[in-house]
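Peer 1: Starting from the given sequences, assemble the full structure and let the hints guide the process.
Here is what each chain is made of, one letter per residue.
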Amino acid sequence: MVTRHFFDKELDDLHLDLIKMGSLVEESIENTILALKKQDVELARKIFKNDDVIDDMESKIERNCFNLIARQSPLAKDLRTISTALKIITDMERIADHSADIAEITIRMANEKYIKPLIDIPKMAELAKIMVNKSIDAYIRQDVELAQKVCDSDDEVDDLFHKIILELTNIMKNDPQTIEQATNFMFIAKYLERMADHATNISEWVVYNVTGEHEHLTRHMDHRDDRIHNPFIIDEDSEK
Amino acid sequence: MDTAELKIYTRNLDLFYGDVQALKNISIDIEEKRVTALIGPSGCGKSTFLKTLNRMNDLIASVRIQGEVFFDNLNVYEQYDIVELRKRVGMVFQKPNPFPMSIYDNVAYGPRIHGVKSKSVLDEIVEKSLQNAALWDEVKDRLKQNAMGLSGGQQQRLCIARVLAVEPEVVLMDEPTSALDPISTLKIEDLIDELKEKYTIIIVTHNMQQAGRISDKTAFFLHGEIVEYDYTEKIFSKPSDKRTEDYITGRFG
Ligand SMILES: Nc1ncnc2c1ncn2[C@@H]1O[C@H](COP(=O)(O)OP(=O)(O)O)[C@@H](O)[C@H]1O
Ligand SMILES: [Mg+2]
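So the protein sequences, as listed, match chains W and F.
For the first sequence, the positions run 20 to 259 when this note's numbering is used.
For the second sequence, the positions run 24 to 276 when this note's numbering is used.
These are calculated hints, taken from the structure and not from any lab test.
Warning: the hint list may mix true and false statements.
[To be verified] Just a few of them, taken from the derived set where beta-carbon distance is under 10 Å, the chain W residues facing chain F:
#1 T22
#2 R23
#3 F26
#4 D75
#5 A89
#6 Q91
#7 S92
#8 L94
#9 A95
#10 D97
#11 R99
#12 G231
#13 E232
[What the hints assert, rightly or not] Quick list of simulated restraints, FRET-style, between CB atoms:
#14 R23/W to A84/F: 34 to 44 Å
#15 Y254/F to E234/W: 51 to 61 Å
#16 K65/W to G273/F: 58 to 68 Å
#17 G231/W to E54/F: 21 to 31 Å
#18 Y132/F to E81/W: 53 to 63 Å
#19 E54/F to I88/W: 27 to 37 Å
#20 Q232/F to K28/W: 20 to 30 Å
#21 F67/W to Q232/F: 42 to 52 Å
#22 H24/W to Q232/F: 18 to 28 Å
#23 R23/W to N35/F: 45 to 55 Å
#24 L82/F to E234/W: 21 to 31 Å
#25 K257/F to E81/W: 21 to 31 Å
#26 E234/W to H246/F: 28 to 38 Å
Please read all numbers here as calculations on a predicted model, not as lab measurements.
Every residue gets a Cβ at the ideal spot worked out from N, C-alpha and C, and that includes glycine.
Peer 2: Laid out in structure tokens, this is it:
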């Protein structure tokens, strides 16, 4: 026999709100990349508006979680579910913030001819978007395996990030005229890299929700320590 | 764990009331100076189990016990005198049950039975026990008044003082706060937290939050068995057994 119908209904509502917030975040990444590619100022402005909606959703979900904790004294799985929700909305909100950051740069560069055709940045954005999409999917389906896959993709994004930085540095060295725009692209790459990190965080919380263990699931590779001294090193295996 | 370090442990303990088996194969290790909470639905055997630890039920005619209970590594049913055992393993019940006599006499009752006659020694025991039960300040000016005039929460702390007066090593508590208001409940919980420095405490509670607040380990009983026994933190954040999960999240039919 199942008891606590009311509480279960509220948990379902929480779940639905998270899915809704997740799809808004995905949409904003998609628009961000489109706006950047097409230098579409109007679309970039729409991303700001979307960001306000996402912020409001975060506050609403947060309030609901606090209420549930105060009134229902959740334990075990319920406690993990609510804690997970509280953690992942922060990551989702950050992802949307970074979309807005990129949109801002897009507007700033709207009238300039890009110094290079955009190839790796959209690739990176696509990867980040897929990671976010999968991390939210993993949450919805409580799928530990899928969550682990998201964490694995983070390395791919990191590799692309370093590749882009190296390329932009070279462009700058060759032509100081490009410095302003190249710096803007560096920021964009960094924002995308952070988005992927947040997707990884979401996935780690999904794993926690299911298993009760919160671990950092991205690989830690000792041989990458040299990047601390020289961020422009590229792994051989990532240069295909 | 090496049993030498355990205050109490049971091995394959069964208890029958006539033909009805109330405890099934209970083997549990209870560490010294820790608070162990026993949780589970009504009728699952928590009180029965608690009473096996200081032999409160083996004298009932219909009761039959198999298996072993050890206290300080000696078999409770074979190697203890029952009076000695109950002095060292005290019990606090659900409803406060002060004797209809003065506050002072309630606390002095046990020591007197155990032969303490000196007025000054008794005075000392009474004060110390009431202090340890966090009641002294509230009653020190009216020790001669009848205990029945105290509030429910005060009565329960008096009962705890009465237990502490005979200097036990283990204190068993069977839903000690279920008849109390929230403030009195929190006072008893604070008290338990202090008492565990000196005593080993085993407490039955229906209040999940209470178990979470005060205990180091929690055992979940169901139908006379222990389904799960682990660190409280583990039980309340990620229990291993689905039945424990269902029970503590209130989805238990
Ligand atoms: N004195 C008794 N005689 C017969 N049956 C009893 C007696 N005391 C308890 N029982 C039975 O043993 C089972 C466990 O009871 P109890 O230990 O009081 O459970 P709990 O404390 O978990 O509510 C119940 O089925 C109860 O009816
Ligand atoms: Mg009982």
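Peer 1: For every hint, state whether the structure bears it out.
Peer 2: Hints versus structure:
no., hint, verdict
1, T22, "holds (6 Å)"
2, R23, "holds (5 Å)"
3, F26, "holds (8 Å)"
4, D75, "violated (30 Å)"
5, A89, "violated (12 Å)"
6, Q91, "holds (9 Å)"
7, S92, "holds (6 Å)"
8, L94, "holds (5 Å)"
9, A95, "holds (5 Å)"
10, D97, "holds (5 Å)"
11, R99, "holds (7 Å)"
12, G231, "holds (3 Å)"
13, E232, "holds (8 Å)"
14, R23/W to A84/F: 34 to 44 Å, "holds (42 Å)"
15, Y254/F to E234/W: 51 to 61 Å, "violated (19 Å)"
16, K65/W to G273/F: 58 to 68 Å, "violated (44 Å)"
17, G231/W to E54/F: 21 to 31 Å, "holds (23 Å)"
18, Y132/F to E81/W: 53 to 63 Å, "holds (55 Å)"
19, E54/F to I88/W: 27 to 37 Å, "holds (31 Å)"
20, Q232/F to K28/W: 20 to 30 Å, "holds (22 Å)"
21, F67/W to Q232/F: 42 to 52 Å, "holds (44 Å)"
22, H24/W to Q232/F: 18 to 28 Å, "holds (21 Å)"
23, R23/W to N35/F: 45 to 55 Å, "violated (36 Å)"
24, L82/F to E234/W: 21 to 31 Å, "violated (53 Å)"
25, K257/F to E81/W: 21 to 31 Å, "holds (27 Å)"
26, E234/W to H246/F: 28 to 38 Å, "holds (36 Å)"
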